[in-house]
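So the sequences go chain by chain: A and B.
Each residue of the first sequence is one higher than the one before, counting from 1 in my numbering.
Each residue of the second sequence is one higher than the one before, counting from 117 in my numbering.
Hint data in this document are derived by calculation from the structure and do not stem from the laboratory.
Check the hints yourself; a few may be wrong.
[To be verified] Covered stretches of chain B (chain A as the covering partner; in silico rule of three or more C-beta atoms under 8 Å from a C-beta of chain A): (1) 234 to 243; (2) 248 to 254; (3) 268 to 280; (4) 323 to 331; (5) 356 to 366; (6) 394 to 407.
Where is the CB? At the ideal position from N, CA and C, for every residue including glycine.
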Amino acid sequence: MSRTGAPYLIGWGLWLGLLATVLWIWTPDPLPPALLGAAALGSVLLGVVALLQGWTERSRHLPDSSLPTVLVAFGAAMTLNGVAFGIWLVLIGGEVFILGLALLLREHLLARRRRS
Amino acid sequence: MSTQTAVAAARAPRGLLAWVATTDHKRIALRIVGAALIFFVAGGLIALVMRSQLADPGAQLVGRDTYNQLFTMHGSTMIYLVVTPVALALGVYLVPLQVGAADIAGPRLTLFGHWLIVAGGLTMYSGFLTDHGAGKAGWTGYVPLSASQGTPGTGMDLWIIGVLLAALGSFVLGATVLATVLKFRAPGMTMLRLPVFSWTMVATCLMVVMIFPVLVVAMALLLAERHLGGVFDSAGGPITYIHLFWFYGHPVVYVMFFPFLGAVAEVVAVFSRKRFFGYRPLIVSLLIFAGGSMSVWAHHMFTTGQVTNQYFSLTSTALAIPAGIEYFDILGTMWGGKISLRTPMLFALGFLVQFLIGGLTGVMLGSPPLNYDVHGSYFIVAHFHYTLFAGSMFGLFAAIYYWFPKVTGVFLREGLGKLNFVLLFVGTNLTFFPMFILGYDGMVRRVATYPSSTGFQGLNIVSTIGAFIIASGIAVFLLNLVLSLRDRRPAGDDPWEGHTLEWATSSPPPRFNFHALPPIRSYAPLFDLRHGEQR
Chain A
1 MSRTGAPYLI GWGLWLGLLA TVLWIWTPDP LPPALLGAAA LGSVLLGVVA
51 LLQGWTERSR HLPDSSLPTV LVAFGAAMTL NGVAFGIWLV LIGGEVFILG
101 LALLLREHLL ARRRRS
Chain B
117 MSTQTAVAAA RAPRGLLAWV ATTDHKRIAL RIVGAALIFF VAGGLIALVM
167 RSQLADPGAQ LVGRDTYNQL FTMHGSTMIY LVVTPVALAL GVYLVPLQVG
217 AADIAGPRLT LFGHWLIVAG GLTMYSGFLT DHGAGKAGWT GYVPLSASQG
267 TPGTGMDLWI IGVLLAALGS FVLGATVLAT VLKFRAPGMT MLRLPVFSWT
317 MVATCLMVVM IFPVLVVAMA LLLAERHLGG VFDSAGGPIT YIHLFWFYGH
367 PVVYVMFFPF LGAVAEVVAV FSRKRFFGYR PLIVSLLIFA GGSMSVWAHH
417 MFTTGQVTNQ YFSLTSTALA IPAGIEYFDI LGTMWGGKIS LRTPMLFALG
467 FLVQFLIGGL TGVMLGSPPL NYDVHGSYFI VAHFHYTLFA GSMFGLFAAI
517 YYWFPKVTGV FLREGLGKLN FVLLFVGTNL TFFPMFILGY DGMVRRVATY
567 PSSTGFQGLN IVSTIGAFII ASGIAVFLLN LVLSLRDRRP AGDDPWEGHT
617 LEWATSSPPP RFNFHALPPI RSYAPLFDLR HGEQR
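Turn these sequences into a full structure, and let the hints steer you where they fit.
Spelled out as structure tokens, the structure:
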């Protein structure tokens with residue numbers, strides 16, 4: 001049995017696939033079986049990816065905090081809110097989002113340097 | 117030591133930075149619960165206003181338009197901002213501990229998910245400050261009611277954006293919990309040695325990663341419909357939206373159920389002094405249940421005449437089989453055990469009894485003829501409150517009273533806990549049981565008032581009294597929290613003689629969870645240590 005749990009993902013996907021197939025036979029509307037079929041496919045693919053990646057024993061660098069992550073979240077939220085409030089908020093939100101991403105990259109590079 | 121060696125960052129953060137930007141899974145989970153508690157109080161106050169309005173057929177506490185905003189925001193708050201995030205927060209806190217990991221997979225992503233949910237909630241609530249008020253098309257946001265002509269104004273846009281953000285946040289949380297189970301289990305912790313709670317989180321997160329993207333797409337399309345038009349304009353457009361919505365909307369009921377079922381299963385085993393009964397059948401039934409629950413969504417659409425009722429009725433009714441297996445497993449665990457009726461166990465028993473009422477009325481609603489009769493009535497409101505409040509919230513309280521000593525190192529007060537339970541149990545049944553009768557007698561949901569000639573007032577008064585008893589139960593709980601944290605009664609590392617790994621570490625656990633792990637030879641490693649058994 002794979003240590004990654006991939007067989008469970010694949011098995012669950014096949015179960016969804018079976019349900020989607022029965023629904024496809026039964027219903028004239030293509031949307032419901034397509035939705036369920038997509039979920040089945042997604043689960044099987046997730047399982048295959050887990051299977052291919054295998055199990056790695058490795059050390060992880062675990063940060064204690066990450067302010068850039070918070071900036072990215074609020075940048076994304078502000079950008080979306082701009083759809084309701086106007087382009088000015090889309091622009092400000094976009095800038096915060098990009099700044100957050102840049103700082104996140106810097107955080108990642110610093111962590112890598114510290115590890116090496 | 118856990119599988120992955122943890123390498124700490126150079127400097128531990130302090131003050132506001134630590135509060136806002138911590139990547140410790142335990143602290144993030146507590147932030148999620150804290151935010152959800154604030155939204156819960158807001159959603160609860162909204163419910164009290166609505167119940168006060170409905171106690172008297174002539175009451176004009178709020179106008180119809182405001183009432184529409186209130187029931188929309190009450191439902192949206194409880195589903196998107198309270199129960200779903202709290203269900204996932206339990207996983208964020210406990211799954212890394214139960215699988216013996218040093219931290220969650222993708223701690224930054226988990227932090228990202230938390231703040232997206234908070235931003236989503238603030239966005240939704242900011243709608244109250246706009247000209248037309250907050251969203252008012254129900255928590256489902258059906259088209260064309262939620263389109264720009266049906267509900268004009270910025271508030272509805274903000275509701276859609278808020279739901280989109282919260283859904284994205286929940287998706288991210290679910291993905292990181294699932295990845296933790298798949299990738300970061302300790303040596304010896306095979307999939308078939310995962311604790312029951314962690315298995316319920318696997319089933320939950322599998323559903324989360326499959327259904328929340330569909331909600332995000334539905335909300336994005338709805339936003340496009342409002343601003344660009346032409347998305348849901350065709351004859352089948354509204355039905356397409358309803359399919360997308362309920363493909364998310366029904367399985368999410370189980371996203372808000374499985375984690376609490378897992379918590380109750382752990383509580384029942386520990387407070388019956390027995391190993392959990394029927395572990396493997398439970399896992400199989402969970403996976404079958406989770407898959408089955410994704411193929412029943414169109415029972416919400418029976419009355420549209422646009423879905424294959426036979427299929428969706430069959431699958432909906434068949435869910436009683438895996439649900440029955442889970443119930444029998446829990447009863448089997450109690451059978452012959454030395455049952456201790458501490459507060460967590462009382463809430464667990466309350467969960468089992470009340471969710472059964474919600475579940476059995478759900479089987480009734482899976483039958484199209486019965487469904488047609490009570491569709492859009494208070495019967496539905498009673499049914500889903502028995503699952504979500506009487507069920508999941510009681511499971512949540514079982515979890516809180518059970519794991520509070522682990523999270524804080526101190527006990528919650530037992531006497532106040534029992535008072536909390538009694539008030540909630542009485543209040544819940546007084547509030548929601550009359551709604552079954554009201555609905556069956558023809559009272560429709562989502563109405564700000566009703567004629568006095570209908571004879572609905574008596575049961576509505578009972579229901580309103582029940583709502584205020586629930587509020588007093590919540591007040592007792594908050595008082596218990598404050599008292600227990602101020603005048604601390606140390607609990608030690610394992611006060612209940614727990615079965616799973618989180619009880620093998622200190623209370624509260626250290627930054628990277630474990631200094632050493634006991635041997636893992638079953639799904640109850642500490643029970644094995646104590647009793648020298650292997651399974």
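A quick look at each hint next to the structure:
1. 234 to 243: With 3 residues closer than 8 Å to chain A, the region 234 to 243 of chain B meets the three-residue bar; holds.
2. 248 to 254: Our answer is that it is violated, as 0 residues pass the Cβ test (under 8 Å) against chain A, missing three.
3. 268 to 280: Holds: 5 residues of the region 268 to 280 of chain B have a Cβ under 8 Å from chain A.
4. 323 to 331: holds (count 4)
5. 356 to 366: holds (count 4)
6. 394 to 407: This one holds; 4 residues, not fewer than the three required, reach chain A with a Cβ under 8 Å.
This entry does not satisfy hint 2, going by the numbered hints stated previously; all others are met.
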